[in-house]
Every structure is written in structure tokens, then in C-alpha cells.
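> Protein sequences, first through last, are from chains P and Z. Letter by letter, the first sequence follows residues 1 to 529 of the numbering used here. Letter by letter, the second sequence follows residues 1 to 128 of the numbering used here.
Just so you know, the hints here were simulated from the structure itself, not pulled from any lab data. Errors might be hidden in some of the hints.
As the list claims (entries may be wrong) - If the Cβ cut is set under 10 Å, some of the chain Z residues that face chain P in the computed set are:
1) P81
2) L90
3) K93
4) N94
5) E98
C-beta: ideal position from N, C-alpha, C; glycine also.
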Amino acid sequence: MKEKYLRQPNIQRIIDGIFLFMFIVFIIFVRIEKGMPYLFGYDALIASVLVLNHLAAIFSKSDEGSDVGMKVLLFVVIVTTGIDLIKYHTAPFFIHIYLYALFSVKYITNRKLSLFHWIYCTLVIGIAIFANMDGLYKIYYIFHFVILRVGLTVVGLYVKQVENELYSRYLEQFMLIENAGESFSIYRLIKDKDDKILDAEILNVNKAFEKLSGIKKETIIGKRVAEAFSYAELPWLDLVSKVYNSKKSFNEMRFITTVQKYIDLNIYYIDQNHIALLMNDVTDGIEKERKMKTILDRFEKANELKSQFLKDVNHRLRNPLNGMMGMMQLVTYDEVGEDNRELLNSALLEMRHVRNILNQITKYVEIQGMDFDFTKEDCREIIGKVVASVESNETNIVIKTSSECPEKPVFIEKNVLILTFKEVLLNAIKYTKDGMVDIYAKFYYSEPDASNYIRVDVVDYGVGIEEEALKYIFNEFYHHDFVNVYRDGDRITIPMCKQMLVNSGGDLLVESNIGQGTKVSIILPVYKD
Amino acid sequence: MKILIAEDDLTSRLFMKKYLSKYGTCDIAMNGMEAIDLVMNAVESKENYDLICLDIMMPKVDGLKALKVIREIEGKSSVTPSKIIMTTALNDKNSINEAYDYGCEAYAWKPIDVDKFNEVLRKLKLID
Numbered sequence: 001m002k003e004k005y006l007r008q009p010n011i012q013r014i015i016d017g018i019f020l021f022m023f024i025v026f027i028i029f030v031r032i033e034k035g036m037p038y039l040f041g042y043d044a045l046i047a048s049v050l051v052l053n054h055l056a057a058i059f060s061k062s063d064e065g066s067d068v069g070m071k072v073l074l075f076v077v078i079v080t081t082g083i084d085l086i087k088y089h090t091a092p093f094f095i096h097i098y099l100y101a102l103f104s105v106k107y108i109t110n111r112k113l114s115l116f117h118w119i120y121c122t123l124v125i126g127i128a129i130f131a132n133m134d135g136l137y138k139i140y141y142i143f144h145f146v147i148l149r150v151g152l153t154v155v156g157l158y159v160k161q162v163e164n165e166l167y168s169r170y171l172e173q174f175m176l177i178e179n180a181g182e183s184f185s186i187y188r189l190i191k192d193k194d195d196k197i198l199d200a201e202i203l204n205v206n207k208a209f210e211k212l213s214g215i216k217k218e219t220i221i222g223k224r225v226a227e228a229f230s231y232a233e234l235p236w237l238d239l240v241s242k243v244y245n246s247k248k249s250f251n252e253m254r255f256i257t258t259v260q261k262y263i264d265l266n267i268y269y270i271d272q273n274h275i276a277l278l279m280n281d282v283t284d285g286i287e288k289e290r291k292m293k294t295i296l297d298r299f300e301k302a303n304e305l306k307s308q309f310l311k312d313v314n315h316r317l318r319n320p321l322n323g324m325m326g327m328m329q330l331v332t333y334d335e336v337g338e339d340n341r342e343l344l345n346s347a348l349l350e351m352r353h354v355r356n357i358l359n360q361i362t363k364y365v366e367i368q369g370m371d372f373d374f375t376k377e378d379c380r381e382i383i384g385k386v387v388a389s390v391e392s393n394e395t396n397i398v399i400k401t402s403s404e405c406p407e408k409p410v411f412i413e414k415n416v417l418i419l420t421f422k423e424v425l426l427n428a429i430k431y432t433k434d435g436m437v438d439i440y441a442k443f444y445y446s447e448p449d450a451s452n453y454i455r456v457d458v459v460d461y462g463v464g465i466e467e468e469a470l471k472y473i474f475n476e477f478y479h480h481d482f483v484n485v486y487r488d489g490d491r492i493t494i495p496m497c498k499q500m501l502v503n504s505g506g507d508l509l510v511e512s513n514i515g516q517g518t519k520v521s522i523i524l525p526v527y528k529d
Numbered sequence: 001m002k003i004l005i006a007e008d009d010l011t012s013r014l015f016m017k018k019y020l021s022k023y024g025t026c027d028i029a030m031n032g033m034e035a036i037d038l039v040m041n042a043v044e045s046k047e048n049y050d051l052i053c054l055d056i057m058m059p060k061v062d063g064l065k066a067l068k069v070i071r072e073i074e075g076k077s078s079v080t081p082s083k084i085i086m087t088t089a090l091n092d093k094n095s096i097n098e099a100y101d102y103g104c105e106a107y108a109w110k111p112i113d114v115d116k117f118n119e120v121l122r123k124l125k126l127i128d
């Protein structure tokens with residue numbers, strides 16, 4: 001696990017660069033020295049392969065090129081070393097060269113190889129010191145191997161430190177990811193020479209992935225996706241290619257028949273060789289949403305049926321009532337004896353009651369089906385216009401808008417305000433003394449960025465409402481004066497006002513004192529923007 | 001005054017006939033199709049109706065369609081168009097707006113208030 005996660009292409013390239021540089025220096029030194037006949041034999045071959053390998057490692061986008069080069073080099077070194085040992089009985093100098101190539105990031109922290117190389121360098125330096133070599137050559141050898149060994153040690157320590165830091169960070173993240181509720185998996189991309197995605201190797205998965213897929217990680221780690229999930233229904237290769245080419249993550253929610261779940265899929269681009277897949281099981285949420293929608297649909301359907309029923313009943317009652325009331329209205333008093341006139345009047349009155357109830361039902365159904373539309377309006381202007389429409393010589397209406405009443409237009413349900421305010425005002429005018437009605441309009445601001453509301457208090461100075469009657473003031477069918485409650489046109493009742501205001505997010509409040517008057521408060525939400 | 005009452009409900013029909021008989025002669029139609037036929041005959045004989053009371057909800061052809069056709073018939077002839085008052089048990093604003101668009105003069109919501117209906121007749125200058 002530790003080796004697989006670690007990828008340090010930049011450090012690999014630095015080390016390869018150092019080796020290449022040192023090898024070139026060696027070749028140049030040898031060339032200057034001349035007299036090294038075997039440079040043009042195996043040495044040249046190995047040197048070429050070594051150089052090419054390092055170049056491949058430096059410029060290659062994947063590890064595969066470098067690995068192939070390593071294998072070729074090993075083969076060449078083994079063959080040439082074998083030939084030299086058998087034919088020339090020389091020291092396996094080329095093993096050293098191979099060791100150069102071996103010291104990539106993969107092996108630089110390998111203790112056994114490091115120890116071996118320490119021993120090897122020490123031996124070579126020892127031989128160089130005591131051997132009968134040319135002075136300059138001796139110095140070069142000693143210098144070369146000391147620098148090499150010291151350099152490798154320093155780099156090795158650095159790589160070790162980076163490795164440890166990365167590993168501890170990886171462990172932290174891994175523990176988080178391993179135990180996360182979301183299914184997480186990480187992949188190494190397998191590409192062809194044209195950089196086209198062919199497949200992906202599964203590097204790691206967490207527990208949630210095992211639970212979701214029903215597959216143990218041990219059975220799929222290291223395998224390719226096409227092999228591990230041969231039954232995969234997603235066009236995953238296309239999705240991964242899309243993410244790889246755009247370098248942007250991809251998100252989609254779909255139903256996976258294999259696991260019979262709704263999965264929220266996220267594919268993340270990590271780097272040119274890796275992607276991560278995050279999957280969230282959202283089946284519960286989807287099902288709850290569906291159930292809620294079903295319930296809401298049923299509720300709306302029931303509401304529609306109720307409204308339709310009321311409309312039908314309303315309609316069916318009106319025709320016979322039309323006949324009855326009509327006939328009664330055509331009976332002239334002269335044709336009816338004095339005793340029967342009272343009966344006739346009572347019958348007509350009760351029919352008018354029934355008509356008014358039907359009118360209330362119609363209005364009620366209208367309010368139920370009302371669409372609430374917020375438009376930008378000047379509240380003071382609305383209040384002023386309504387007052388102007390009902391004012392007369394007998395009225396004494398005073399509007400006392402507070403400084404907090406919004407001067408600039410705000411978003412408000414205009415129709416609701418006009419209808420309810422007019423109804424409340426007409427009631428106040430009817431019941432007040434000397435036509436006096438006070439109107440207070442105030443703007444309430446609760447929290448920044450929250451909805452605000454306007455409160456319009458309509459105060460009359462009439463007889464007030466008894467406490468007992470106040471309890472039922474919002475009861476639609478409690479009214480004892482049906483004849484006068486409903487009039488033609490757009491008049492609505494106080495219970496209807498309450499309903500409209502509540503439906504649009506507001507409210508209607510009533511306070512009353514016997515002998516002093518009544519205050520009716522209209523509360524309606526407003527929005528600044 | 002020549003009056004046409006188009007109403008499918010028996011009691012309402014009787015009431016309207018009894019009520020409007022004092023203002024003129026009343027013809028009865030029980031649906032929109034009959035109303036259209038009667039208007040066509042009246043227009044052909046150059047004695048168009050002065051007042052037509054059309055119920056909106058009627059079988060075969062409803063009041064709105066009948067209104068539209070009646071106005072088309074009148075438009076193609078040289079007769080004086082009749083005053084049309086729609087009657088309805090439904091408080092359907094869409095239907096009422098449509099009726100005004102087709103050219104009715106007023107509408108009366110059932111149950112009809114005789115005093116208010118008389119007021120409308122006066123405004124239309126059909127009665128004094």
C-alpha cells in the first residue's frame with residue numbers, strides 16, 4: 001500500500017538528471033583520458049541504454065517506459081558482465097552502472113540496496129586508494145564515489161522525509177476516507193501511447209464502497225475495472241475520459257440496477273494518472289421525496305375535489321333557489337292577505353340568507369384557489385387609495401403612518417392588502433362613533449435578509465365586541481346577521497380576510513373593549529428585494 | 001318589447017317568463033340551439049328580439065356559444081342588435097369576461113334579484 005500510493009515524478013527526474021550528469025562527466029573524463037578501449041564496446045552499449053533509460057524516465061509521462069528500460073538494461077548488464085567475467089576476468093564494473101539506474105525513487109530508501117551500495121562504494125574507494133592507478137584517475141574515482149554516495153544519502157534522506165510526511169498525511173486522509181459514510185475509491189489510469197484511457201487500476205476502496213458494491217476490497221485491489229466490474233452498466237470509460245480530458249470533476253445522479261439504488265456519482269480528477277470516485281447512496285432521500293410528492297399530489301387532488309364539490313353544490317342549489325326566490329318576489333302584496341305578508345317576508349328573508357351563504361361558499365372557494373402574486377408597490381399609496389374610495393362626509397378617517405412605514409416600494413401581495421383592508425375599514429366605519437376611524441401603518445423589520453412585514457391597525461370607537469362573540473369572530477358560519485354580512489361586489493367577510501392573510505403568510509388580529517371600540521390588525525409580509 | 005328567454009331549468013324558465021311577461025311577449029328556448037334558431041327566424045323576418053336572457057349553462061349549445069353565433073347572425077343582417085343579458089349560477093369570472101367579449105350587455109347571477117334586474121333593464125333603456 002505504501003509503495004503504491006507514493007508518486008514523486010519530480011524527484012525521480014532530479015535523481016535521474018544527477019545520474020545522467022555524473023555519467024556524462026564520467027564518459028567525458030574517460031574520453032579525455034583516452035586509453036579506455038572498452039568504452040567503445042559494451043560500455044558504449046550500456047551507456048546508450050542507460051542514457052536512453054534516464055531520458056525516458058525524465059520525459060516519460062508514465063512509469064511504464066522507465067520500467068521497460070530498466071529491464072532492458074538489466075539484461076544487457078547481466079550478459080555483458082557474464083561475458084567479462086568469463087572472457088576477461090574483470091570486476092563487474094557494469095553492475096555499478098546498473099546500480100546507478102536502480103537508484104530511482106523506488107529504491108533510494110531501500111535499506112538493503114543502500115547498505116549494499118555503501119559497501120560497494122567503500123570497496124571501490126578502498127581499491128582506488130590502494131590500487132596502482134593513474135593519479136588523476138584515482139582522484140576521480142575517489143571523488144566520484146564519495147560524491148555519489150553522499151549525494152545519494154542526502155537525496156535518500158530527503159525522499160524519506162517527504163515519504164513520511166506524505167504517508168502520515170495519507171494515513172490521516174485514509175482514516176477519514178476509510179471510515180467515511182460515502183463510498184470512495186481511487187484509480188490509476190491506464191492509457192495508450194496516444195493518451196487515450198483504456199482502463200483503470202483499482203488502487204484502493206473504503207469500507208462504504210465494500211458495503212455499497214457488496215464486494216470485498218481484497219478481491220478487487222490491483223485489478224482493472226473492466227475485470228473487477230465486468231457487469232458495470234455505467235459508460236464509465238466515457239465518463240472517466242471526459243473527466244481526464246476536461247480536468248474537471250463530473251457529477252450525476254442515476255439509478256444503478258445492479259445494486260438497485262439511486263447513486264449520486266462524483267468523478268474527480270486528481271492528476272494525469274489518477275482519478276477518484278465518490279458515490280453516495282441517495283435512495284432513501286429519493287424515496288422520501290417521492291412519497292412526499294405522492295402525498296402532496298393526493299392532498300392537492302383532494303383539495304381540488306373539495307373545491308369542485310363546493311362549486312357543484314353551489315351551482316345546483318342556485319337554480320332551484322332562483323326559481324323559489326323568483327316566484328316569491330313576483331307575488332304582489334295585494335294578492336296576499338295581511339296575515340300572510342309576514343310569512344311571505346320571512347320566507348323571502350330566509351331565502352336571502354341561503355343565497356348569502358351560497359355567495360360566501362363561492363368566495364371561500366375563490367380564496368382557496370387564489371394565486372398569491374407579490375408585486376412591487378407603495379404601501380402608503382395603497383392605503384391612501386382605499387381610504388379615499390370609502391371616505392364620505394360622514395367619515396373622519398385619520399391615517400397615521402409611522403416613520404417606519406416603508407416609503408419606497410416593497411414587494412407585497414397587493415390584492416390581499418386592498419381586499420382585507422377595505423373590508424376591515426368598512427366594518428370600522430359601520431360600527432364606529434361619529435365616523436371616527438384611526439389607521440396606523442407600521443413597518444416591522446425582524447432580521448437582516450429575512451422577510452419583513454407591514455402591520456396596519458384599524459381602530460374604531462364604537463361599542464366594541466363582547467368577549468363571547470370575539471371567540472367566534474373568525475368562525476365562517478357563526479354570523480347571526482347573514483342578510484347584512486354579504487353584499488354584492490367584492491365584499492368579503494372577516495373570516496375570509498383572516499384566511500386570505502394567513503394563506504399569504506400574514507395574519508388578522510382583533511382586540512376589543514366594550515364601550516371603547518375595536519382594533520383590527522392586518523399583518524402582511526413584505527419583501528425589500 | 002319582444003323577449004327571448006333561453007333557460008334549461010323549468011322553474012327558472014317559469015319565473016323569468018312570469019316576470020318579464022309584463023314587459024312584452026316572451027319566447028322560450030330550452031337550449032342554445034333553439035335560441036339560435038329563434039333568433040335566425042326573427043332576423044329573417046326583420047323583427048329581431050329587443051331583449052335576450054341567455055343562461056350560460058345549457059345543454060346542446062351553451063349560452064356563450066349561442067351568444068357568439070347570435071351576434072354573428074345579427075352582424076350579417078341589418079337588424080338592430082338585441083340587448084343580451086347572461087344569467088348564470090356560476091360565479092366564473094372567465095365565463096363572464098368571455099361573455100362581455102362576445103358582446104353581452106350585462107349578466108345576472110342567480111338567484112336573480114328582481115329589483116336589481118329591473119335596474120339593469122332601466123339602464124339598458126328597455127323599461128322606464
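> Now tell me if each hint is right for this structure.
Hints versus structure:
no.: 1; hint: P81; result: violated, 27 Å
no.: 2; hint: L90; result: holds, 6 Å
no.: 3; hint: K93; result: holds, 9 Å
no.: 4; hint: N94; result: violated, 12 Å
no.: 5; hint: E98; result: violated, 17 Å
When held up to the earlier numbered hints, the structure conflicts with 1, 4, 5 and fits the remainder.
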